[in-house]
Amino acid sequence: MPFRKILIANRGEIAVRVIRACREMDIPSVAVYSEVDRTALHVRMADEAVAIGPAPAFQSYLSIERILDAARTSGAEAIHPGYGFLSENAELARACEEARLAFIGPSAASMVLMGSKTAARRAMIAAGVPVVPGADGAVAGADEARGEAGRIGYPVLVKAAAGGGGKGMRVVEREADLLAALREAASEAERAFGDPSLYIEKYLVTPRHVEIQVLGDRHGRVIHLGERECSLQRRHQKVVEECPSPLVAAHPEMRREMGETAVRVARAAGYYNAGTVEFLVDRDRRFYFLEMNTRLQVEHPVTELVTGVDLVKEQIRIAAGEPLSLTQDQIDWRGAAIECRVYAEDPDNNFFPSPGKILTLDRPAGPGVRVDSGAYPGWTVPLEYDPLIAKLAVWAPTRPEAIARLERALGEYHITGIKTNLSFFRSILVSAEFREGRLDTGFIDRWMSRQAAAADGDPEQEHAAALAAALYALRSRPANGAAPPARSRWRSEGRSSLLR
Amino acid sequence: MPFRKILIANRGEIAVRVIRACREMDIPSVAVYSEVDRTALHVRMADEAVAIGPAPAFQSYLSIERILDAARTSGAEAIHPGYGFLSENAELARACEEARLAFIGPSAASMVLMGSKTAARRAMIAAGVPVVPGADGAVAGADEARGEAGRIGYPVLVKAAAGGGGKGMRVVEREADLLAALREAASEAERAFGDPSLYIEKYLVTPRHVEIQVLGDRHGRVIHLGERECSLQRRHQKVVEECPSPLVAAHPEMRREMGETAVRVARAAGYYNAGTVEFLVDRDRRFYFLEMNTRLQVEHPVTELVTGVDLVKEQIRIAAGEPLSLTQDQIDWRGAAIECRVYAEDPDNNFFPSPGKILTLDRPAGPGVRVDSGAYPGWTVPLEYDPLIAKLAVWAPTRPEAIARLERALGEYHITGIKTNLSFFRSILVSAEFREGRLDTGFIDRWMSRQAAAADGDPEQEHAAALAAALYALRSRPANGAAPPARSRWRSEGRSSLLR
Amino acid sequence: MKLEIVIDGRPRTLDLDEATPADAREVEPGVYSILIGERSYEVKIEPGEDCYYAAVNGRRYAVQVRDPRRLARARGALQAAGRQKVASPMPGKVVRVLVAEGAEVSAGQGLVVIEAMKMQNEIRSPKAGRVVALRVSEGAAVTGGETLAEVE
Amino acid sequence: MKLEIVIDGRPRTLDLDEATPADAREVEPGVYSILIGERSYEVKIEPGEDCYYAAVNGRRYAVQVRDPRRLARARGALQAAGRQKVASPMPGKVVRVLVAEGAEVSAGQGLVVIEAMKMQNEIRSPKAGRVVALRVSEGAAVTGGETLAEVE
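Each protein sequence line maps, in turn, to chains P, G, W and U. So the first sequence is numbered by the working numbering: it starts at 108 and just counts up by one. So the second sequence is numbered by the working numbering: it starts at 108 and just counts up by one. So the third sequence is numbered by the working numbering: it starts at 152 and just counts up by one. So the fourth sequence is numbered by the working numbering: it starts at 152 and just counts up by one.
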């Protein structure tokens, strides 16, 4: 047993994911929870649970002090940060080192290096890794920004030097818009990361986003586990991810080339544990280092499904000082996996968040279907946190079969009480562009602008839909609603069970 | 698309499994259902559904005439028989041939050959396949039986010449018990298969049951997909199955040897489609042909998880005349998979069947977990059919990890309203014998006789159990039960939500 | 019973008594198994703001259901809508108010930004007009359905 | 409130008021999340014939719960059990009756075979004694809980 006890400094589906790994490794797990999360699934499933404060994350899940207190009182030997929250906060890693707790992630130094986009960029240029043309560091003011943007050539991307996840990011098409973009991005960056520093780089028009999963141990060995295609993004947030990338599948040498580059990136950062090197790929298949995520990714399941490697268990073993259990030669890729991020949001109303109580929850099952979720029927999705409530991932021998399986699984997935984006995925999957693997980061925006109600030629199916909605409406109607009709040509048993 | 429409002549989890394959292949599916199955999951999920008669199977799911009528009225081009019911009935295969419907299975001739244990045995001896020492054919009467048993040497096994599944089977330790065993077995065989013929073979004491999955196309190619260990049986019914067999994993040459033998068996039977060659393996690792199941097996998911091959889709493509999509060299085995058969039965009361309405149903999820099920909350498990309601299968890189994952998944599985054998599996998994892979067909019986309530050293856990049971009992109590106590040291919110 | 429905924007009358014989069962809450002849449809209903979404075979229909008695009331409500309330679609916190009371706005112009679930969500004007009332200020917590502003 | 319970055969008193402070929530029907100090237990309850099964961390406890008022009644019921009813544990069909009325039987001896879910299930005598009543005959359909025989 690598550790006698592990504390998971997170919530939701990723906390559940880590608790499951601990359970399977026979390591007791400690959940932490804010006041609104007492009945969250991660609290139910963990061996221990420590309350760490009120609902706002900065008083609970983002409080290093409270997380460390919880680790101390529970006697945990290690902390798994999940993704989001404190996962890329070097202070937590440093505080763990001081408290003689194992941090299940890289060193604080690697995190600091990669946490600053400008420092990372400089280090990567030094290591001979291709980067997107851009400024050498944070831009000091409007004049410098104007100069750099002119040198690089419009369109440019203004980005927060700290942080990620699309926050503090603006595309600027022409000089006239630069000032406003700088102001907005700096204010967003300040709010999101406590640091308004910005830098500027060339904006690649509709590139692909392809990333490489790496694993390094504390003995200097680094391997890669191949790529993930994450080009389908909305508001710079990934929504569908897959492995292999259709582009890489068509050009197999890219996996080796990008993989070796990613390993070089990790080595240059003295990196250990699991990490992801993100690249942008242009239309000529040239790839550029974008950033390194120094943590487990949301989309790690697609790599697990295709390689058979359990990334969370590897993370835990690495943090305990064990050498990598696999060599690069032993990694092999079988079949294709696709993941959808299921959000509590309303696809029919601007994707507005949809917190609230889940009334019923039917999850897909059967061959090749994996669901990672923190949701259960009767649980109230809180207002305070990220709307990601589940991830649906499928595996099949080929990409077309994986798409068919995902469609099938989406058809079986049904959540009531809150709104979710499940219907949104279905409509993406059927598009010819998606099926042909012609993906880029502009895909979703183009798709949304094109989207119109597809006429459907099955009047009987429409009739079934109308009938079900009518029966539901009648059932839901208060007691003073219409009485059931006296006669009916429907079979009586069905009717009576519906209208009672 | 191999077929324009497929009818599934079955119900329950296997009908759901086949419908999912059809959906993923974009082939419309037709469910059939008896009167008690109108709201069964396979009816809900199929594209079409045809009522085929009253609840007793011989008037519905076992009626070739009604199945063929349903195929004709729905315009199905092919019939998938699942397992059980008509799946090994050569009459159905023959009737399909005459009706120009594709039967998704082998030829009627192969089924007839393998359906008769005695004929199959003779054919296998002729093909040089090792068989268990025994009589050459059905025994004609008590005297002949006594003579054969004496020649073979006690203990012997009396078996129905037709059929399988443990019905019409008796172990006879000494001559004095032979007559009674013959009588019972013949009467059971008559009831189960309409044929009282019996034969006699050497009873191997605590052998292992290891079977090989084969696939053959209609162009004469046959491959094998490795073995499944199915030694854990209760009343001659498999309850836990795995791939690889721990024995084969320790002696890798066995897979090739048994695989090649199984291919020889299939060739000798002119076999195509999916089939399983069952072997008994004695303590010296000698293996003997037992029988061939001329259909998809209940336990096929463990092979799918380890090889990545979708057996149902292969079946469909083969039945459409397509050549095998894989060569023997392309089959590779990754990791380990274990399956549990979840039955509606009461492990605390002699495993008596437990039909009834399912109130709540929590299914395990997360990495490496596959559930195939025909159950849903609110569904009533009917009295009339097999109590198998779901199969839980897990995959992991190694057998110990798969066992840990299965334990974890069993802990997440919770069904109320009916009783299930879920708790039974958990207690098997923790046994040292199971963990060490020391499996044989006597395992479960020995285990059940040894079983005693394990003392548990965690008083706090016991307190939690007592508390939950007490709260449940108070909640379930009719209105005239005790009022909630006036004061409480519990946190009020918890209390009030419990006692309202 | 006859119901007036609007399905994906197309009005229809659904006569429950004269309808194609169908065998409809609610198998789980909001999930209907419907057999029409031999066709099997599993329809999953999600209630939306002003309609029901009916998902079947991956197709999603927006269905508004009215019976004659209710229709009159519904029409009345629609006619009164010269002055239109803008409600918050979810609970959250007002992080920015983008317009002042009395301002002229165009259809789709942002009025208020609500933060919920770590997302900033811009609530827009449903029509061109004038902001006749502004009911919230920055920093305020709002509930789902709470009126943020009124546009006339 | 004090409850007398029997857990895995061991009698205990559970004092709900004096109990170790615990935070117990029913998160789903029959599923309790219980925090005792910082230990988190998820207990899943299944009602059994004469007890509740409480599953936690893969361990399954058989718990009988009685409060003092009910206990008296329960004791009374137990004392009356000299003549014992043998009930069918499930609905099914009687395929064989193995004893005649008046027969002497040993504990565990088969009385009746019930077929259900394609299985033949032998219902056995709970004690040694005499079959004083036989309530079913071969071919009869029985419901779950129906008395098959009485043994004294």
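I should point out that these hints are in silico values taken from the structure, not numbers from a laboratory. Among the hints, erroneous ones may be present.
[As the list claims (entries may be wrong)] With a straight-line Cα cutoff of 25 Å, these simulated BS3-like cross-link-like pairs (lysine-lysine) come out:
| hint | chain 1 | residue 1 | chain 2 | residue 2 |
| --- | --- | --- | --- | --- |
| 1 | U | Lys236 | U | Lys278 |
| 2 | U | Lys278 | G | Lys464 |
| 3 | W | Lys236 | W | Lys278 |
| 4 | G | Lys274 | U | Lys236 |
| 5 | W | Lys269 | P | Lys274 |
| 6 | U | Lys244 | U | Lys269 |
| 7 | U | Lys244 | G | Lys309 |
| 8 | W | Lys244 | P | Lys274 |
| 9 | W | Lys269 | W | Lys244 |
| 10 | U | Lys278 | U | Lys244 |
| 11 | W | Lys244 | P | Lys464 |
| 12 | W | Lys244 | W | Lys278 |
| 13 | P | Lys464 | W | Lys269 |
| 14 | G | Lys274 | U | Lys278 |
| 15 | P | Lys309 | P | Lys274 |
[What the hints assert, rightly or not] Which chain G residues face chain U? A few, computed with CB under 7 Å, are given here:
| hint | residue |
| --- | --- |
| 16 | Pro161 |
| 17 | Ala162 |
| 18 | Asn456 |
| 19 | Thr467 |
| 20 | Glu519 |
| 21 | His521 |
| 22 | Thr523 |
| 23 | Arg533 |
| 24 | Ala575 |
| 25 | Ala580 |
[Stated by the list, open to error] Anything over 10 Å on all C-beta distances counts as not near chain G; from chain U, calculated:
| hint | residue |
| --- | --- |
| 26 | Glu177 |
| 27 | Ile185 |
| 28 | Val194 |
| 29 | Ile196 |
| 30 | Pro198 |
| 31 | Asn208 |
| 32 | Val214 |
| 33 | Arg234 |
| 34 | Glu252 |
| 35 | Gly253 |
| 36 | Ala279 |
| 37 | Ala284 |
| 38 | Glu303 |
Backbone N, C-alpha and C fix where the C-beta goes; we use that ideal spot for every residue, glycine too.
Each hint, compared with the structure:
Between U/Lys236 and U/Lys278 the CA atoms are separated by roughly 11 Å; this keeps the pair inside 25 Å, and the hint holds. Taking the CA atoms of U/Lys278 and G/Lys464, the gap is about 31 Å. The hint is violated against a cut of 25 Å. With a C-alpha separation of about 11 Å, the suggested pairing of W/Lys236 with W/Lys278 holds against the 25 Å cut-off. A distance of roughly 31 Å separates the Cα atoms of G/Lys274 and U/Lys236; the hinted pair therefore is violated under the 25 Å criterion.
Restraint check for W/Lys269 and P/Lys274: satisfied, since their Cα atoms lie roughly 11 Å apart, inside the 25 Å limit. Distance check on the hinted pair: U/Lys244 and U/Lys269 sit about 10 Å apart at the alpha-carbon level, within 25 Å; holds. Using a Cα cut-off of 25 Å, the hinted pair U/Lys244 and G/Lys309 is violated, with the two alpha carbons roughly 35 Å apart. Between W/Lys244 and P/Lys274 the CA atoms are separated by roughly 19 Å; this keeps the pair inside 25 Å, and the hint holds.
Between W/Lys269 and W/Lys244 the CA atoms are separated by roughly 10 Å; this keeps the pair inside 25 Å, and the hint holds. Restraint check for U/Lys278 and U/Lys244: the C-alpha separation of about 24 Å stays at or below 25 Å, so the hint holds. The hinted pair formed by W/Lys244 and P/Lys464 meets the criterion: a straight-line CA distance of about 19 Å does not exceed 25 Å. Taking the CA atoms of W/Lys244 and W/Lys278, the gap is near 24 Å; set against the 25 Å cutoff, the hint holds.
Between P/Lys464 and W/Lys269 the CA atoms are separated by roughly 18 Å; this keeps the pair inside 25 Å, and the hint holds. Between G/Lys274 and U/Lys278 the alpha-carbon distance is near 30 Å, which puts this suggested pair outside the 25 Å criterion. For the given pair, P/Lys309 sits about 18 Å from P/Lys274 by alpha-carbon distance, which is consistent with the 25 Å threshold. With 7 Å as the threshold, the beta carbon of G/Pro161 stays out of range of chain U, its nearest partner Cβ sitting at about 14 Å, so the hint is violated.
Taking 7 Å as the C-beta cut-off, the interface hint given for G/Ala162 is violated, the closest approach to chain U being about 12 Å. Residue-level restraint check for G/Asn456 holds (minimum Cβ-Cβ distance to chain U is 6 Å; threshold 7 Å). At its closest, the beta carbon of G/Thr467 sits 5 Å from a beta carbon of chain U; the interface hint therefore holds under the 7 Å criterion. About 9 Å separates the beta-carbon of G/Glu519 from the nearest beta-carbon of chain U, more than 7 Å, and the hint is not met.
Hint status for G/His521 relative to chain U: holds, with the closest Cβ pair at about 5 Å, below 7 Å. Annotation: interface hint on G/Thr523 holds; nearest CB of chain U at approximately 5 Å, less than 7 Å. Nearest Cβ of chain U to the Cβ of G/Arg533: about 5 Å, under the 7 Å cut. The hint holds. Checking G/Ala575 against chain U by beta carbon gives a least distance of about 4 Å; that is within 7 Å, so the hint holds.
For G/Ala580, the suggested interface contact is upheld, since its CB lies about 4 Å from the closest CB of chain U, less than 7 Å. The Cβ of U/Glu177 does not lie farther than 10 Å from every Cβ of chain G; its closest approach is about 6 Å, which violates its non-interface assignment. Its closest Cβ contact with chain G, about 5 Å, brings U/Ile185 to no more than 10 Å, contrary to its assignment away from the interface. The claim that U/Val194 lies off the interface is violated: its Cβ sits roughly 4 Å from the closest Cβ of chain G, which falls inside the 10 Å cut-off.
Not every CB of chain G lies more than 10 Å from the CB of U/Ile196, the least distance being 4 Å, so the non-interface label is violated. Under the 10 Å C-beta cut-off, the non-interface status given to U/Pro198 relative to chain G is violated; the minimum distance is some 7 Å. The beta carbon of U/Asn208 sits about 6 Å from the closest Cβ of chain G, which is not more than 10 Å, so the claim that it is off the interface is violated. With 10 Å as the threshold on Cβ separation, the claim that U/Val214 sits away from chain G is violated: the shortest Cβ distance comes to roughly 4 Å.
With a least beta-carbon separation of about 21 Å from chain G, U/Arg234 lies farther than 10 Å from that chain, consistent with its non-interface assignment. Every C-beta of chain G lies more than 10 Å from that of U/Glu252, the closest at about 24 Å, which supports listing it as non-interface. Annotated as non-interface, U/Gly253 keeps its C-beta farther than 10 Å from every C-beta of chain G; the closest such distance is 25 Å. Residue-level check passed: U/Ala279 sits 19 Å from the nearest beta carbon of chain G, beyond 10 Å.
Chain G leaves U/Ala284 outside its interface by the beta-carbon criterion, the shortest separation being 22 Å against a cut-off of 10 Å. Against chain G, the non-interface label of U/Glu303 holds: every CB pair exceeds 10 Å, the least being about 22 Å.
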